[in-house]
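> One letter stands for each residue in the lines below.
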Amino acid sequence: MTVDAHTLARARAGDEAAFQALYRAEVGRVFALCLRLTGSRPEAEERTQDVFVQAWRSLASFRGESALSTWLHRLTVNLVLTERRGRGRRERRLLAVESPETWETTGTGHESDAGQTVDLERAIGRLPDGAREVLVLHDIEGFTHEEIAGLCGIAAGTSKAQLFRARRLLREMLER
Amino acid sequence: MTDLREPDSEPPVPGVERLPRAIEPARDLWPGIAPRLRGAARRGWMAAGALAAAVLALMMLTRRAPLGATRLEGRPRITRAGVTTDDSSSARLTLSIGQLDVEPETDLRLVALGPSQQRFALRRGTISARVNAPPRVFVVETPAAIATDLGCAYVLRVDSLGNGTLHVTLGQVELAGEHLVIVPAGYVAAIRSGRGPGTPVSVDAPPALVRALDALDAGGAGPALDTALRLARPGDARSLWNLIPRVAPADRGRVYDALARLAPPPALVTRAGVVGLDPGMLELWWNYLPWVGERR
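Taken in order, these protein sequences are the chains called A and B.
Sequential numbering from 1 applies to the first sequence in the numbering used here.
Sequential numbering from 1 applies to the second sequence in the numbering used here.
Watch out, some of these pointers could steer you wrong.
Part of the chain A face toward chain B, derived, beta carbon under 7 Å [claimed, not checked]: (1) 2; (2) 5; (3) 6; (4) 8; (5) 9; (6) 14; (7) 151; (8) 155; (9) 164.
Don't read these hints as lab results, they were simulated from the structure.
Beta carbons: idealized from backbone N, C-alpha and C, even for Gly.
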């Protein structure tokens, strides 16, 4: 589902109904990214709402040089990482492990793969913060290590090391 | 201790690449978003009201002289075509989306008054605008630049040659001519005939910085850029942001470095992206720069 140019123009002009249509079209991707980056469904819901409020504020300055989904994607990663950097790691760990049911209601659309997907998502959610962020950005979202380094404020070598660690931990969790 | 082995020695976990890119939340999050929009900078609920009010204003203005125009002092000439004041008169236009004061010795023409845009031409003189509307609805043309409201209040002044200034006191304004600049609250941009908008400067910028930016606008480079980058303070960050696309490509990295020292970029903004004028990154950084005036 994509947002047509007319709806986007109306949303940019402050039409709340058009912006709601934009939200309906994009919420799945934004929520998925928030969920994987935070590992917590309640936090992901909160961040998703923050992303769309921020998007509403900034939409007037969106000039359309990039796709709306790309723009929203950047906004999401930036907002989630900025928010998480501003909070204590202890609090984050509590949030990350508090909800083993986080992935229980994830729908993939492919029932035969559903069990494996839920296991995989749950395992990703249990990765340490840094490792999870790098794995999500690299293996799922397709960012390069150089881009991740810029996003997370770490060296590219650290990003590579975190990815190694994340993959190994993930494999170990799935094999248990 | 950090493990520095290459990730290639630990291949991707099968299935990760097939994970769905979209996951619908278990509950509808919109009810938690909608009320926050109404308290946010943009006001969606105003769209319908602005539309209706603009249509009403259009009907009134096409029938007779603008009913929304009132005399503040002297004897301004108010017609369907616009407002002209002499050195001892002024007027106020009450629009559906705000208020426009026409100062003495001003010639302001109405270009269009429709539901999607209210457009005026300032031929000479001074106007003070206070607009409460979705961005890009209120537009004022001058001989050398076009000011597009992004939700704001400002004073726009031009002489008969097209030279002038735009001083934004609330929100921000897009000023387009030979090129485009964004003027935020607390900043002033010069308008020069044949040169277009100048780099916005904060109202309390050091005089030496103002001179350096003016020299850059006039086509200067080396020493003027060195001076600007050296003198800029955190409150001048938006001046440097506006400089990025205007300096030579070889100098953009230096502007990035100076701006990053004043206002570190958010996570997704990279040096390479900014030097390459990535519009998404530039826009994102803009949204994180400090405000010296009232944002709205």
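> Taking the least C-beta to C-beta distance, is residue 9/A closer than 7 Å to chain B?
The hint is violated - residue 9/A has no Cβ within 7 Å of chain B, the shortest such distance being about 10 Å.
> Please verify that hint: residue 14/A, Cβ, nearest Cβ of chain B, below 7 Å or not.
Since the shortest Cβ distance to chain B is 3 Å, the answer is holds.
> May I ask you to test the interface hint for residue 2/A with respect to chain B, counting a Cβ-Cβ separation under 7 Å as satisfied?
violated, 12 Å
> Are residue 8/A and chain B close enough, Cβ to Cβ, to be under 7 Å, as the hint says?
violated, 13 Å
> Does residue 164/A pass the interface check with chain B, least Cβ-Cβ distance below 7 Å?
holds, 4 Å
> Was the hint right that residue 155/A lines chain B, CB cutoff 7 Å?
Interface hint status for residue 155/A: violated (10 Å vs cutoff 7 Å).
> Would the hint on residue 6/A be counted as holding, given a Cβ-Cβ threshold of 7 Å to chain B?
violated, 13 Å
> Mind checking the CB of residue 151/A against every CB in chain B and telling me if the closest is under 7 Å?
Holds, because the Cβ-Cβ distance from residue 151/A to chain B comes to roughly 5 Å (cut-off 7 Å).
> Does the nearest C-beta of chain B fall within a distance shorter than 7 Å of the C-beta of residue 5/A?
violated, 15 Å
Checked against the numbered hints above, the structure violates hints 1, 2, 3, 4, 5 and 8; every other hint is satisfied.
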